[in-house]
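Listed in order, the protein sequences are those of chains A, B and C.
Going letter by letter, the first sequence gives residues 1 to 433 in the numbering used here.
Going letter by letter, the second sequence gives residues 1 to 433 in the numbering used here.
Going letter by letter, the third sequence gives residues 1 to 433 in the numbering used here.
I should point out that these hints are in silico values taken from the structure, not numbers from a laboratory.
Beta carbons are placed, not taken as given, at the ideal position from N, Cα and C, and that holds for glycine.
Among these hints, one or two may not hold up.
[Stated by the list, open to error] Over the 12 Å line for every Cβ pair with chain B, so calculated as not near, a few chain A residues:
1. GLY75
2. ASP81
3. VAL119
4. VAL184
5. GLY195
6. ASP254
7. ARG255
8. GLU292
9. PRO303
10. GLY314
11. GLU364
12. ASN385
13. ALA421
14. ASP424
[Stated by the list, open to error] Using C-beta positions, here's what the derived DEER-type ranges look like:
15. ARG33/C with PRO35/A: 42 to 52 Å
16. LEU205/A with ASP254/C: 55 to 65 Å
17. ARG353/B with PRO141/A: 44 to 54 Å
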Amino acid sequence: MTITRPAPDLRPARPARPAGSDAARLLELLDSRPPAHSLPGPCYTDPALHEADLSLVWQRQWLFVGTVAEVPEAGDFLTVDIGTASVVVLRDDDEQVRALRNVCRHRGSRLVTGSHGCVGNIVCGYHHWTYGTDGRLLHAPQLPPTTDTGALGLRPVHLREVAGLLFVCLADDPPADIEHVARVVAPYVAPHQLGRTKVAAQVDLVEDGNWKLTMENNRECYHCDGHPELRCTFFPTWGLSDDQVPERMRADHDRYLAALADLERRSDELGLPHGLVEDLVDRPLGFRVQREPLDGAGESFSPDGTRLVRRLLGDLPEARLGRLGLHTQPNAWFHFQADHVVTFAALPLAVDRTLVRTTWLVHEDAVEGVDYEVDELTATWRATNEQDAAFVAGTQSGVADPGYLPGPYSEAEEQVEAFVAWYDARVREAVAR
Amino acid sequence: MTITRPAPDLRPARPARPAGSDAARLLELLDSRPPAHSLPGPCYTDPALHEADLSLVWQRQWLFVGTVAEVPEAGDFLTVDIGTASVVVLRDDDEQVRALRNVCRHRGSRLVTGSHGCVGNIVCGYHHWTYGTDGRLLHAPQLPPTTDTGALGLRPVHLREVAGLLFVCLADDPPADIEHVARVVAPYVAPHQLGRTKVAAQVDLVEDGNWKLTMENNRECYHCDGHPELRCTFFPTWGLSDDQVPERMRADHDRYLAALADLERRSDELGLPHGLVEDLVDRPLGFRVQREPLDGAGESFSPDGTRLVRRLLGDLPEARLGRLGLHTQPNAWFHFQADHVVTFAALPLAVDRTLVRTTWLVHEDAVEGVDYEVDELTATWRATNEQDAAFVAGTQSGVADPGYLPGPYSEAEEQVEAFVAWYDARVREAVAR
Amino acid sequence: MTITRPAPDLRPARPARPAGSDAARLLELLDSRPPAHSLPGPCYTDPALHEADLSLVWQRQWLFVGTVAEVPEAGDFLTVDIGTASVVVLRDDDEQVRALRNVCRHRGSRLVTGSHGCVGNIVCGYHHWTYGTDGRLLHAPQLPPTTDTGALGLRPVHLREVAGLLFVCLADDPPADIEHVARVVAPYVAPHQLGRTKVAAQVDLVEDGNWKLTMENNRECYHCDGHPELRCTFFPTWGLSDDQVPERMRADHDRYLAALADLERRSDELGLPHGLVEDLVDRPLGFRVQREPLDGAGESFSPDGTRLVRRLLGDLPEARLGRLGLHTQPNAWFHFQADHVVTFAALPLAVDRTLVRTTWLVHEDAVEGVDYEVDELTATWRATNEQDAAFVAGTQSGVADPGYLPGPYSEAEEQVEAFVAWYDARVREAVAR
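Modelling step: build the complete structure from the supplied sequences, incorporating the hints.
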């Protein structure tokens, strides 16, 4: 685990503040929300409040943007857009993973394009200003002799790796609690050894909805009847306490409980952490982690639950390890199985458009066509994501309707309330600062 | 004629008010308009003033949305969008036509999609909340036991049927004068017996212009030289008093007057009301109704004026009944012939985009391919609508130009002035309230 | 050289003023710019500040819109869009070139469409109001008898021809200094005799960037390594003083200096003005003019520098006359060679979209397929424009990034600074008025 700090000689990011009136309006809307009800419509549809979200939440919190498997070699980079901001995450010549603003210090041109690539130096295509992979300005022709080129490096962005997961923070002074989260979460994730994985597939899907609708959709399985492929192996009572399970799901839940007990026993034997740790609301980097069983063969997201990749991850001795589920606020969720990992990052494109980037990781030595087929590996979540995109688009349309009224969450939506409560708390903290 | 009232136990619609500054700006623009001149440019182009139109006009007035022919059986529905609001109009199990907000009371998802369909219950696709066709919440899994599900029915919308024409009003307390309008208009429309018609065709056309330009375009025949198909049977001196008819149109107008006298005589014999009633400006549901002759054979909108449908409507004994013309403010116009009816609803999609939904109704027993051909039936108004869409788009472009100045209406545009005066009066009433 | 003045009986253009708060914000941003640095991000991305640009700059300054070659005969017109304003430039029946607002005085419809055409009278397609080519209202049916039709002519726009170049100004009281600029520039341009040219090709290219980025891109050759076709004949040390030329360009520059000396000698022999006159910042119609050599054969923008059109322009006795370069602020640049002319007009479509209209003129007697091939003639600038469009789009994306900071101009970007300083001065003048 390493942490990248910005070089001290570079100018800090400019403070990002919404207009006071927009922040006040957002607080008023949050105040108006009855407990355990969905947010008022403008929170999902008003462009000015979306700008407030970007500055009050997205430019202050730790955001999941990818894994070390996406930047395996020196010079490899990935890019990620957060609103209109673009960040380059790259492995520099010292094998350090860094994050930099993807903006030339000359006249502001984008530097690298495309979601992934590899560079020796970072060369702006416009006037050929050239930066090292550490961001330092190496070459800029015909500058006035008095120019302080040392102050013209690419602006750094805070980056923190947690067991191979890469988080960035656009703030000057990021929340410190990522250290605590890393300490708790890393032992769960580490056995899957992301550093020895490779990207088998990545899909960028644009959902026609506000980012909070994307997240709320992810935080419950109350709608899982709408996911026939996922229902093969995903126990639908996820998020319900025993006394909340409805009668029609009782048999499923009993099967879940039996599988959970068995998984816990075997995890203990293998020394794999599995117990639920949930701290979703109170801390900046809210999270939830637990190893949970899968239905059927219990190994992976295939129709019958058997593994989708012959080669298992890391040194895992067996395939039937269910899924290690991880949620982080505000923008990610993960499933770690014995045979593969799926990561999901939600990234706001506009008030009513959100990118969901889904990445499937397999062992670096797994051979496509021999150990796995990409279509099979990705089938369940490709279908599920498309179904979710339709749910999100339908909800965006409805919450934009003047006839919409916030409605009550069911008992199956406690994690949705946790997400909304987290959002409410972060907005209030940011406005108060 | 039946009226549907909202159930008293449901929460009222939230009040819709534009920002005070937008309303003030709109009034200032209206004040600046010289008499009988077109509106200032921002009235047609400013997104904030369009929001003001939606809240000051569209969410307060009675709007034509369809006919009983579109919802003939229990469970049949149509949907209509008014700005970002969507309304479901459906026939419930008691054969009552109702209107409901098309928004789930849970987290706001759209309920039904598509312009028409048929349902047993209304089931939200997201989490399967289930409503009866009367809007009551029948089933919502896993709600907390204390939830008052009786308060979670779909929000009702006022609906009023007038001789088969369906009007809705989004306000809590709709203008009462629809009762008066119904008393006057129903006797004109009733002989065409919409309850015994069926939809032969419906076309949704998006005009690239503000809704007021769509309405102004409809309210005059000063541009009818641009409608060669319509000119075959539509007398172009429509809206002109005898002394306003220009010399070049004198022969047309004399033919019109002769045809009118003949039509009036025969209408009297058949007991069909025909005289002009015009009350366009002063009342909320401004209207104009008159039975008027068509040129040529005088029966229908065909090239030679002969009927387009062999089977006549209702019990009408003859085909040569011209057209019963009906205008309602703010959003509709109608032509009722002996053989078919055409209805037009204008609905705002954005400040510069307006949906025109055109529907052709024929006798429910008329057989396509035997009694009528759809292409022939719809040819004149399909062509005319496309021509009007081009006029509206060209005007939208021009009124957005800083070089635009409001210009004077001709004597042939008194109905345009009536529409604009109606709009002016309704805005002032709403702001004053 | 003729000047067209508006008829005095027509109403003046309405004053165009941005909201005071937007103007104040723009000034604040301009104040924040360090010397010789690019503009703050919102200047390129904020829609309200773009409206301020339109009213403070585009509706006040002289704008290049085309040449006499585009309107050779009576009734010929071209149209040009400036923001949402459309202007018709046409040759009237007295062979006078005029400019008129392209908006009907009745209800605002666009009058003529398409970039070029020919009319007898200007007839509105909507209600057939008919105007002469001088803008007077000739016919409008059924107007109330009291209507003052003399006051309903098309609103005139100031137009000034400079040696065949057409400039318009939307202000009531245009800057007077076009007279001075015309006196200086006309002798340079006149020998190319635009009045005896024809349009060989015209390309409208939409760049996905703010108009100022388009202009800044044009005002330097610091990026000319990105223009392989142009580099064949365009000396890349353009804009550099001798002591600013970097070592790697020394050989190129020496070749340039030799070619320049040779060109100056021959120009003097032919009586062609050639010396640099630069007055880019202080006057409303900032300009720069100079005859400069081309590389290779020195005749035209072909791969080896030889002429692209066999027939030379006007009475020019030889082909090797390099290029007469002309810049005007805010929106144009020109290259006049012995064999052809290329004109470029930049026109704002939206805050982040700019039209670049490029026109190639050849002698009116040159025969396509015999004297020139259109593909060859246009190859270099079609390719160069596409490359520039990519640079502009990449910069638009970057300056919209909250991570963008204005950066320092190099010594090769003095003309960029001149453009920005001109913009800064015009904004301040307009706000102060």
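So, going through the hints one by one against the coordinates:
With a least beta-carbon separation of about 45 Å from chain B, GLY75/A lies farther than 12 Å from that chain, consistent with its non-interface assignment. The beta carbon of ASP81/A sits about 26 Å from the closest Cβ of chain B, which is more than 12 Å, so the claim that it is off the interface holds. With a cut of 12 Å on Cβ distances, VAL119/A stays outside the contact zone with chain B, its closest approach being about 43 Å. A cut-off of 12 Å between C-beta atoms confirms that VAL184/A is not in contact with chain B; the least separation is 30 Å.
Every CB of chain B lies more than 12 Å from the CB of GLY195/A, the least distance being 39 Å, so the non-interface label holds. The Cβ of ASP254/A sits about 17 Å from the closest Cβ of chain B, beyond the 12 Å cut-off, so the non-interface label holds. Against the 12 Å criterion, ARG255/A stays outside the reach of chain B, whose nearest CB is about 19 Å from its own CB. Distance check for GLU292/A against chain B: the nearest CB is about 20 Å away, which clears 12 Å, and the non-interface claim stands.
Distance check on PRO303/A: its Cβ is at least 24 Å (rounded) from any Cβ of chain B, clearing the 12 Å threshold; non-interface status holds. Residue-level check passed: GLY314/A sits 38 Å from the nearest beta carbon of chain B, beyond 12 Å. With a cut of 12 Å on Cβ distances, GLU364/A stays outside the contact zone with chain B, its closest approach being about 39 Å. With a minimum CB-CB distance of about 15 Å to chain B, ASN385/A clears the 12 Å threshold, and the non-interface call stands.
Under the 12 Å C-beta cut-off, the non-interface status given to ALA421/A relative to chain B holds; the minimum distance is some 16 Å. Here ASP424/A stays apart from chain B, with its beta-carbon at least about 16 Å from theirs, past the 12 Å limit. A beta carbon spacing of about 49 Å between ARG33/C and PRO35/A agrees with the range 42 to 52 Å that was offered as a hint. About 57 Å separates the C-beta atoms of LEU205/A and ASP254/C, a value consistent with the hinted range of 55 to 65 Å.
Range check, ARG353/B to PRO141/A: about 49 Å between beta-carbon atoms, so the 44 to 54 Å window is met.
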